[in-house]
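A.B. asks: Use the sequences and the hints to build the structure in full.
Protein chains in written order, with my numbering: chain A, 432 to 570; chain B, -19 to 121.
To be clear, the hints were calculated from the coordinates, so they are not data collected in a lab. Ideal Cβ placement from N, Cα and C applies to all residues, glycine included. Misleading hints may appear alongside valid ones.
Said to hold, decoys possible - Some chain B residues well away from chain A (every beta-carbon gap over 10 angstroms; in silico):
| hint | residue |
| --- | --- |
| 1 | 38 |
| 2 | 97 |
| 3 | 99 |
Unchecked claim - Derived lysine-lysine pairs resembling DSBU-like cross-links, with alpha carbons at most 35 angstroms apart:
| hint | chain 1 | residue 1 | chain 2 | residue 2 |
| --- | --- | --- | --- | --- |
| 4 | A | 549 | A | 492 |
| 5 | A | 549 | A | 485 |
| 6 | A | 492 | B | 71 |
| 7 | B | 71 | A | 451 |
| 8 | B | 71 | A | 552 |
| 9 | A | 451 | B | 44 |
| 10 | B | 70 | A | 451 |
| 11 | B | 44 | B | 97 |
| 12 | A | 484 | B | 70 |
| 13 | B | 71 | A | 484 |
| 14 | A | 485 | B | 71 |
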Amino acid sequence: MAFLIILIVFFWGIWGFVEKFALFYGSPWQTMFAFLVCTAVLFLPFTVIMLLKKQGRVGFKINHWVWIWIFLAVFTDLLAVLALRFAFLNGATGIVIAVTAIYPIITAILSVMFLNEKISKWQYFGIGIVCLGLFLLSV
Amino acid sequence: MATLLMVVIIICWGIWGFAEKKALEHGTPWQTLFASLVFKTVFSLPLIALIFYFIAGPQGFFIKQQVWLWMFIAVFTNGVAIIVIRFVLKKWGAGIVIALTAVYPIITMILAFVFLKEHLALTQVFGIGITTLGMIFLNLK
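C.D. replies: Spelled out as structure tokens, the structure:
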């Protein structure tokens, strides 16, 4: 698990850095539009190929709950990204990033309440410390 | 207004991690990825294009090639992370995985410090240390 987590953190870390580079040449709306176009043109066909390769045509028979939960995931993600841009207009960027860094707490609460996940007291403490660290990073 | 928007962001991203995990209870990582990309393409892209058109007009769609180049790399790096996180979420709890992966701004900050010569304040260095300490606690049972 540790290796996979490092991989995610590393690639998302590069992603944030690359987004910053793109903003040297275009507006936030242009970069967002280009990102979604590239996702649709490159990433979607790749996913279809992988889905066919791993599961065949059966893979496309997707349970309706997957569509419902993914719709919620995409909707909330998009809403958060849009709200973030408007929050930047209404408040200092550093404060917005710092305060919103506490979102893993919401995921942890929902996971314990509805997924029956077990989180030890040390892990609760860890979530708090990570959020505090992320807050300090943005101040 | 900013406070209300920040609350919306925290709740939305908090629900995002939870919803991804719920979807993985009913499907494979590749299926959830496919569904996510379908929704992003079908709903987000036209919406963004529409908003963008009203803000910038048709001229706004003349996007510099550097933007496309960097966005290609952004999609690739984000894509790797998005694929891998599904396999991790399928196996482990969302509460811990989302907290562990939320530390990625550290990498962005270090890269910006090294390659863009951005200033790193003492509080940020302290923040990196605190976050790393928190990750150790997250690994304790």
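A.B. asks: All hints, please: hold or fail.
C.D. replies: A quick look at each hint next to the structure:
1. 38: At about 13 angstroms from chain A, residue 38(B) clears the 10 angstroms cut-off, so the statement holds.
2. 97: 13 angstroms, holds
3. 99: Label holds. Min Cβ-Cβ 13 angstroms, cutoff 10 angstroms.
4. 549(A) / 492(A): Roughly 32 angstroms between the alpha carbons, so the hint for residue 549(A) and residue 492(A) holds.
5. 549(A) / 485(A): 31 angstroms, holds
6. 492(A) / 71(B): Answer holds: residue 492(A) to residue 71(B) is near 22 angstroms, not above 35 angstroms.
7. 71(B) / 451(A): 32 angstroms, holds
8. 71(B) / 552(A): 21 angstroms, holds
9. 451(A) / 44(B): At roughly 15 angstroms apart (the allowed maximum being 35 angstroms), residue 44(B) and residue 451(A) satisfy the hint.
10. 70(B) / 451(A): 31 angstroms, holds
11. 44(B) / 97(B): 24 angstroms, holds
12. 484(A) / 70(B): Roughly 19 angstroms between the alpha carbons, so the hint for residue 484(A) and residue 70(B) holds.
13. 71(B) / 484(A): 21 angstroms, holds
14. 485(A) / 71(B): 18 angstroms, holds
Checked against the numbered hints given earlier, the structure satisfies every one of them.
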